[in-house]
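Each chain is listed here by its residues.
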Amino acid sequence: MRSLIREGVDTIFGYPGGAIMPVYDALYDYKDKIRHILVRHEQGAAHAAEGYSRTRGKPGVAMATSGPGATNLVTGIADAMCDSIPIVCITGQVPKAILGTDAFQEAPVIGIVTPITKWCFQVTRAEEIPEAVAKAFHIASTGRPGPVLIDITKNAQIELFDYDPQAKYSFSSRLAPKDFKKDLPRAAELLNKAERPYMLIGHGIAISKAEGELKKFMEKSGVPVASTILGLSCISTDHPLYMGMLGMHGNYSTNKLTNRADVILAVGMRFDDRVTGKISEYAKNAKIIHVDIDHAELDKVIKAEIPIHADAKEFLTGILSLIKKRDHGTWIKEFKKLDEEEKKVVNDAELYPKEGEITMAETIRVLSEKTKGKAVIVADVGQHQMIAARYYQFRAPDSYITSGGLGTMGFALPAALGAKVGDPKREVIAIIGDGSFQMTLQELGTIRQEKLAVKIIILNNRFLGMVRQWQELFFENRYSFVHMDNPDFNKITDGYHIPNELVEKREELSAALNRLLKAKGSYLLDVRVKKEENVFPMVPSGASVDEVRIK
Amino acid sequence: MRMRYEIRITSENAPGTLYRIAGTMLRKKINIESLHVQEIDPVRHLSQFTIEIFLEPDLMEKLIKQIQRIVEVTEAKYLAIGENGKA
Numbered sequence: 001m002r003s004l005i006r007e008g009v010d011t012i013f014g015y016p017g018g019a020i021m022p023v024y025d026a027l028y029d030y031k032d033k034i035r036h037i038l039v040r041h042e043q044g045a046a047h048a049a050e051g052y053s054r055t056r057g058k059p060g061v062a063m064a065t066s067g068p069g070a071t072n073l074v075t076g077i078a079d080a081m082c083d084s085i086p087i088v089c090i091t092g093q094v095p096k097a098i099l100g101t102d103a104f105q106e107a108p109v110i111g112i113v114t115p116i117t118k119w120c121f122q123v124t125r126a127e128e129i130p131e132a133v134a135k136a137f138h139i140a141s142t143g144r145p146g147p148v149l150i151d152i153t154k155n156a157q158i159e160l161f162d163y164d165p166q167a168k169y170s171f172s173s174r175l176a177p178k179d180f181k182k183d184l185p186r187a188a189e190l191l192n193k194a195e196r197p198y199m200l201i202g203h204g205i206a207i208s209k210a211e212g213e214l215k216k217f218m219e220k221s222g223v224p225v226a227s228t229i230l231g232l233s234c235i236s237t238d239h240p241l242y243m244g245m246l247g248m249h250g251n252y253s254t255n256k257l258t259n260r261a262d263v264i265l266a267v268g269m270r271f272d273d274r275v276t277g278k279i280s281e282y283a284k285n286a287k288i289i290h291v292d293i294d295h296a297e298l299d300k301v302i303k304a305e306i307p308i309h310a311d312a313k314e315f316l317t318g319i320l321s322l323i324k325k326r327d328h329g330t331w332i333k334e335f336k337k338l339d340e341e342e343k344k345v346v347n348d349a350e351l352y353p354k355e356g357e358i359t360m361a362e363t364i365r366v367l368s369e370k371t372k373g374k375a376v377i378v379a380d381v382g383q384h385q386m387i388a389a390r391y392y393q394f395r396a397p398d399s400y401i402t403s404g405g406l407g408t409m410g411f412a413l414p415a416a417l418g419a420k421v422g423d424p425k426r427e428v429i430a431i432i433g434d435g436s437f438q439m440t441l442q443e444l445g446t447i448r449q450e451k452l453a454v455k456i457i458i459l460n461n462r463f464l465g466m467v468r469q470w471q472e473l474f475f476e477n478r479y480s481f482v483h484m485d486n487p488d489f490n491k492i493t494d495g496y497h498i499p500n501e502l503v504e505k506r507e508e509l510s511a512a513l514n515r516l517l518k519a520k521g522s523y524l525l526d527v528r529v530k531k532e533e534n535v536f537p538m539v540p541s542g543a544s545v546d547e548v549r550i551k
Numbered sequence: 001m002r003m004r005y006e007i008r009i010t011s012e013n014a015p016g017t018l019y020r021i022a023g024t025m026l027r028k029k030i031n032i033e034s035l036h037v038q039e040i041d042p043v044r045h046l047s048q049f050t051i052e053i054f055l056e057p058d059l060m061e062k063l064i065k066q067i068q069r070i071v072e073v074t075e076a077k078y079l080a081i082g083e084n085g086k087a
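In order, the protein sequence lines correspond to chains A and B. When we follow our numbering, the leftmost residue of the first sequence carries the number 1, and every step to the right adds one. When we follow our numbering, the leftmost residue of the second sequence carries the number 1, and every step to the right adds one.
A couple of the hints might just be wrong.
Said to hold, decoys possible - Derived DEER-like restraints, expressed as beta-carbon distance ranges:
1. 470/A x 1/B: 36 to 46 Å
2. 74/B x 18/A: 36 to 46 Å
3. 278/A x 1/B: 20 to 30 Å
Claimed, not checked - Stretch-level coverage of chain A by chain B, calculated; a stretch enters the list once three of its residues show a Cβ under 8 Å from a Cβ in chain B:
4. 111 to 118
5. 290 to 300
Derived from the structure by calculation, the hints contain no laboratory data. Heads up, the beta-carbon is just placed ideally off N, CA and C, and yes, glycines get one too.
Turn these sequences into a full structure, and let the hints guide you.
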């Protein structure tokens with residue numbers, strides 16, 4: 001406990017059980033220092049720790065017992081690994097003496113989580129705890145952040161030892177960037193001479209808190225910027241140099257013009273396959289400068305002309321004085337022209353429908369207007385995630401939390417409760433599909449018990465919409481197991497004593513959203529949206545970014 | 001063309017390190033042809049792994065970076081020691 005407090009831990013998301021009981025017994029004495037939030041499933045603890053980490057800016061802590069408790073954490077750990085989110089997981093383990101005997105609730109947790117953690121360690125003696133905890137927090141939060149796990153055998157939880165509060169632990173950051181400054185003049189020269197430069201930003205900007213440096217760089221260089229899904233909200237969506245989102249369901253211009261750019265500066269992003277489309281056809285006319293804190297990301301997918309191993313903030317600070325003030329108005333007009341096309345073919349009809357069922361897009365638009373783009377949006381995975389990413393007009397950093405890399409359905413509800421605990425002052429709104437909601441809806445119990453004012457909007461189309469869209473477009477309308485005969489979500493939410501409404505008609509939407517936003521506590525809306533809505537633009541799987549379709 | 005490589009890794013002598021290294025290879029379905037591990041520095045608790053694999057040169061460059069980022073690994077380098085099937 002004292003080791004955890006020393007690392008600044010004030011919150012643990014967890015679930016007790018046999019092999020972690022001594023830790024829980026100690027927690028009982030530290031109730032005033034550490035808030036323990038009892039989740040309803042360990043997967044929820046891991047996602048909540050991720051949400052907490054995203055809004056608080058430090059590692060979230062998830063705790064579980066051995067065996068099934070630990071294996072239930074696995075999805076959340078893998079999610080944090082994909083999206084570089086620092087979380088520290090602590091699991092109980094059977095006593096050292098009976099390790100490997102198939103004891104009750106024994107699972108080889110270290111063996112299971114090794115490939116999906118940045119680091120993990122089994123503690124079998126009590127005196128190993130302080131150093132292991134210090135090391136865990138150090139590794140989780142430095143360099144490229146990620147999940148770590150400490151598995152503590154029950155005997156180590158019970159044993160006594162002399163805790164030295166003065167003990168210091170130092171860990172070298174072995175892969176810290178060294179002399180990236182020598183690459184800066186070359187990169188600056190390339191950018192200064194470019195006719196059609198293009199900057200791509202990702203989660204790395206948010207992780208290194210480089211939003212201010214990014215804005216300065218953009219405004220001096222005049223370079224148009226597009227963001228990956230996890231880079232959203234690093235720059236306000238109304239900034240004149242912000243062009244939109246990249247990726248399979250990103251914008252039309254941002255994808256298409258990737259292949260027109262002559263220099264691409266990619267900072268804190270990893271050229272995910274959802275961003276690049278067909279790699280052999282990607283950014284063929286561009287020289288690429290790739291900046292990442294993880295040197296293994298450089299040249300992993302896309303070969304860079306100038307790979308730079310650096311922290312985003314340090315890079316942007318370092319290059320600023322070498323960059324010439326420029327205006328790329330003509331080049332930016334090319335983006336604007338394609339934006340007009342997208343607006344005409346896709347956005348207008350979705351955002352301002354006059355008749356028929358409510359659309360996902362208009363729900364997000366109205367929400368965005370009412371919250372002035374300042375809420376924290378926690379989106380689950382599917383069509384609603386893409387619609388929320390496309391249409392919410394972000395005005396503040398750290399405002400879009402979603403499972404980007406792993407694409408974990410069921411992420412949003414527990415992540416939203418964690419995000420609310422991480423920053424109680426901000427309005428946290430979970431946007432969830434009807435399919436995703438049913439994967440982790442038991443966390444309504446946690447929200448209720450902890451009185452967390454998490455706002456929840458279910459965009460309910462009675463389909464696994466994204467899969468249905470693919471089946472419509474690429475599998476000849478063969479709708480294979482994508483229809484959902486859903487329960488009454490309002491009755492379920494009533495059971496958790498959380499106020500809620502069903503919204504079926506367009507004229508009800510605005511007032512219902514007002515009530516949701518006004519509510520002091522948690523509030524849920526089940527919004528029945530158009531059943532067969534497709535998300536466009538779309539870069540079909542395996543196609544090049546310039547084959548992006550708008551219908 | 002696939003080459004025969006010898007990878008030499010220095011790491012902390014900690015349980016699970018071999019598993020983590022082997023895991024980076026398993027992810028890409030790389031088969032280990034030979035493996036030797038021994039402690040080389042009992043004071044600093046360092047071990048050395050010598051691993052032989054067959055791999056395409058561009059993948060080798062990516063693999064070594066993935067091995068280098070393992071927390072316990074202090075140094076990792078590789079050497080081409082022959083063409084496919086010939087040592």
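A quick look at each hint next to the structure:
1. 470/A x 1/B: 36 to 46 Å: With a Cβ separation near 37 Å, residue 470/A and residue 1/B satisfy 36 to 46 Å, so the hint holds.
2. 74/B x 18/A: 36 to 46 Å: 38 Å, holds
3. 278/A x 1/B: 20 to 30 Å: Holds, at about 24 Å.
4. 111 to 118: The restraint on the stretch 111 to 118 of chain A holds, since 4 of its residues have a Cβ under 8 Å from chain B and three suffice.
5. 290 to 300: Check passed, 6 qualifying residues.
The earlier numbered hints are all upheld by this structure, with none contradicted.
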